[in-house]
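There are 2 protein chains.
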Amino acid sequence: MDIDIKEYMQRLGHAARKASRVLSRTDTHQKNAALNAIASFIERDADTLLAANARDLAAAESAGLEPALLDRLRLTPAGIAQMAEGVRQIAALPDPVGEMSEFSYRPSGIQVGKMRSPLGVIGIIYEARPNVTADAAALCLKSGNATILRGGSEAFHSNQAIAHCVHEGLRLADLPHNAVQVVDTTDRAAVGELITLTGLVDVIVPRGGKSLIERISRDARVPVIKHLDGNCHVFIDDAANPDKAIAIALNAKTHRYGTCNTMETLLVHESFANYLLPKLADRFEEKGVELRGCDRTRAILAGRVKPATEEDWSTEYLAPILAIKVVHGLDEAIDHINLYGSHHTDAIVTDDYSRARRFLREVDSASVMVNASTRFADGFEYGLGAEIGISTDKIHARGPVGLKGLTNEKWVVLGEGHIRE
Amino acid sequence: MDIDIKEYMQRLGHAARKASRVLSRTDTHQKNAALNAIASFIERDADTLLAANARDLAAAESAGLEPALLDRLRLTPAGIAQMAEGVRQIAALPDPVGEMSEFSYRPSGIQVGKMRSPLGVIGIIYEARPNVTADAAALCLKSGNATILRGGSEAFHSNQAIAHCVHEGLRLADLPHNAVQVVDTTDRAAVGELITLTGLVDVIVPRGGKSLIERISRDARVPVIKHLDGNCHVFIDDAANPDKAIAIALNAKTHRYGTCNTMETLLVHESFANYLLPKLADRFEEKGVELRGCDRTRAILAGRVKPATEEDWSTEYLAPILAIKVVHGLDEAIDHINLYGSHHTDAIVTDDYSRARRFLREVDSASVMVNASTRFADGFEYGLGAEIGISTDKIHARGPVGLKGLTNEKWVVLGEGHIRE
Chain A
1063 MDIDIKEYMQ
1073 RLGHAARKAS
1083 RVLSRTDTHQ
1093 KNAALNAIAS
1103 FIERDADTLL
1113 AANARDLAAA
1123 ESAGLEPALL
1133 DRLRLTPAGI
1143 AQMAEGVRQI
1153 AALPDPVGEM
1163 SEFSYRPSGI
1173 QVGKMRSPLG
1183 VIGIIYEARP
1193 NVTADAAALC
1203 LKSGNATILR
1213 GGSEAFHSNQ
1223 AIAHCVHEGL
1233 RLADLPHNAV
1243 QVVDTTDRAA
1253 VGELITLTGL
1263 VDVIVPRGGK
1273 SLIERISRDA
1283 RVPVIKHLDG
1293 NCHVFIDDAA
1303 NPDKAIAIAL
1313 NAKTHRYGTC
1323 NTMETLLVHE
1333 SFANYLLPKL
1343 ADRFEEKGVE
1353 LRGCDRTRAI
1363 LAGRVKPATE
1373 EDWSTEYLAP
1383 ILAIKVVHGL
1393 DEAIDHINLY
1403 GSHHTDAIVT
1413 DDYSRARRFL
1423 REVDSASVMV
1433 NASTRFADGF
1443 EYGLGAEIGI
1453 STDKIHARGP
1463 VGLKGLTNEK
1473 WVVLGEGHIR
1483 E
Chain B
1063 MDIDIKEYMQ
1073 RLGHAARKAS
1083 RVLSRTDTHQ
1093 KNAALNAIAS
1103 FIERDADTLL
1113 AANARDLAAA
1123 ESAGLEPALL
1133 DRLRLTPAGI
1143 AQMAEGVRQI
1153 AALPDPVGEM
1163 SEFSYRPSGI
1173 QVGKMRSPLG
1183 VIGIIYEARP
1193 NVTADAAALC
1203 LKSGNATILR
1213 GGSEAFHSNQ
1223 AIAHCVHEGL
1233 RLADLPHNAV
1243 QVVDTTDRAA
1253 VGELITLTGL
1263 VDVIVPRGGK
1273 SLIERISRDA
1283 RVPVIKHLDG
1293 NCHVFIDDAA
1303 NPDKAIAIAL
1313 NAKTHRYGTC
1323 NTMETLLVHE
1333 SFANYLLPKL
1343 ADRFEEKGVE
1353 LRGCDRTRAI
1363 LAGRVKPATE
1373 EDWSTEYLAP
1383 ILAIKVVHGL
1393 DEAIDHINLY
1403 GSHHTDAIVT
1413 DDYSRARRFL
1423 REVDSASVMV
1433 NASTRFADGF
1443 EYGLGAEIGI
1453 STDKIHARGP
1463 VGLKGLTNEK
1473 WVVLGEGHIR
1483 E
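Chain order of the listed sequences is A and B. Numbering-wise (this note's numbering), the first sequence opens with residue 1063 and increments by one. Numbering-wise (this note's numbering), the second sequence opens with residue 1063 and increments by one.
Take these hints with a grain of salt, some might be off.
Just so you know, same-sequence chains aren't split out, so a pair can sit in one copy or run between any two.
Claimed, not checked - 16 Å max Cα-Cα, derived EDC-like pairs, lysine to aspartate or glutamate:
hint	residue 1	residue 2
1	Lys1349	Asp1066
2	Lys1466	Glu1161
3	Lys1341	Glu1352
4	Lys1068	Glu1255
5	Lys1368	Asp1300
6	Lys1306	Glu1483
7	Lys1306	Glu1471
8	Lys1176	Asp1357
9	Lys1080	Glu1276
10	Lys1176	Asp1440
11	Lys1272	Asp1133
12	Lys1080	Glu1424
13	Lys1080	Asp1157
14	Lys1306	Glu1478
15	Lys1080	Asp1393
These are calculated hints, taken from the structure and not from any lab test.
The whole structure should be built from the sequences, with the hints applied where relevant.
Okay, here's the thing in structure tokens:
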């Protein structure tokens, strides 16, 4: 492209900031009108979207992109219907903007409380999935934020076609065109500019593989809400109900292999290992899960388990592979999780009240669970209605990030001419 | 110093992480015991603290440091008593760790809610004020966080003496020595290492001048909770009560000149300017405040006002200087504040309900006020009990940051063997 990328991105940033001022005062009805219109236009334009997507797919195939990426890139009629339905569901969610809470009178006579407000301008950087365009735009719009979307170059035509529906919806609801902007260059320099637009962009949400997220976190000059990998654990205590333990371990590993809330390492209390591990191994073998164990696991499951290396404890397989470790008890389990885990989601299976309580407090993860499968760590399951992703960061929103995670609270002071003495 | 700074800081980081695990499960009684002991030791060691401080002061004087810095560096018997009292007040505050909220049953049968937990390891980087050592250590300890403190080299001996009291208090309460670590080298490279200890340090809180904070924000690889400057505004609407307007404007500017919540620019509605500006000018002149105005202000206050330049609108004077602008009304006031302000604290004086409501929603600042002086933006005035500073960032804690700002919420899921279907 024959433009100055720096200047172009600055222009996008200024336009987004201006639009965000309008969105910050836009009422709920108007935002919902835009969202419902966008959903209808996505359905109406299904054929156009499929045609644009076909162009992207053809280019990706001839460039020899791997099948998994082609899968993520592909739109189907059912996928498009789902995309529209997702936007409608976001319209149906309560508007978090303007929520006022915790108001109380202070000794000085002022009344102090909080009001929830949009973050301002959110930059979304993603890879091949075109549905993120509709999804992220809808979440940001509903939460009163302007968005700058930068999708992968593989999905360029698909994203532009979806953006067209978004812009038509905005226009119908009389909202600024620049409330949602899609970067219309595939130049990689645009990403570098976007993540350094201090004062124009308030937060970056990268969605994609670990290397993308690491690169963005490293180079960004504006805050990043990160969605890193999930190296999730289930610890089966010796006070666990064995049937529940087996069901949870099996569900946490085999319900879906490629999700970030899938269990990657199973920890088993040493007093329970001789009884439980052979039963678990039977079930995992039925499902075709490869087991990699510590020495004690291997001694119990002679010949059925490969040796686990130090690297296995830190690995997110995203595949039918499970690392297993026998631990002395709760303390070793907690230490192992805090050391090797990714602070995403970890569960204990136990009927012991005190151990459950300690696990919840001491495991330093975004989601901690008792007697439930790690697969529940999800914005829909938690009742957020939708999520922009799952944060493993410790500041701002942690765990599944929904509309509230795209807002923050400001302090409100109401007085009657109060001055400070 | 003859040590490898990188290795030294890594060692501090690992020790802090280990201590943070203990603190995360330490009960409230034990943390309070440590805090009360620290307060007593500070009082007991007042003479030692004064002697250490005298060494720092002598070095600073002979190095020709400016009087304002010497002031910040100086400990007095009264200041030491206040430091101890501050630590006791933090002991008396409710413990935020473990607060559980928003629990509800989901359609799946799991019960989902949130639990407040410490951030982990907090790095504090500050300049000449030795009292920050006690203050920050106490806030972090109460909120269950391990701390690495890096004070200015000018306060080296004072900080070490205070750290001694902190460590004695920790020992008395049987808490790990490394719960609070004071960097014991004045090598500037230590700061660069501290702010890049990814995985060992969870958040950096820089306290000091703007240039320090900008440098740290630029170079940090771990999240930073920032406390930048305050370019605060008061907008006097034409529906304002004139007596209240004058009292608030005067208090916001002249109560203290050097604080971040002091008003730096006054905006006056054009319909009210002819009546109000001469009265305001009288009062500001009595107090010796230099006025710098826009053209319309100067026309009204002929000869009493210097011209304000574009730069004045963005300037935090921290001095008896005030910029004044006559605006067309609410829209121009909001635009001016959002454009030139620092998103710290801004107030409207009005008796008009709708304008007050719009100002609260549309001004994009950490604190927004109606009919109250900006000077109220303060952790104590808001009821936080104490504050580590005031954040102008938009993610995580905004405005005055107290104990809650040093914690975050994790998700808790309670099941009875629930798996995801």
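Tell me, in ascending order, the numbers of any earlier hints that this structure violates. When the structure is compared with the hints, numbers 1, 5, 7, 8, 9, 11, 13 turn out to be violated.
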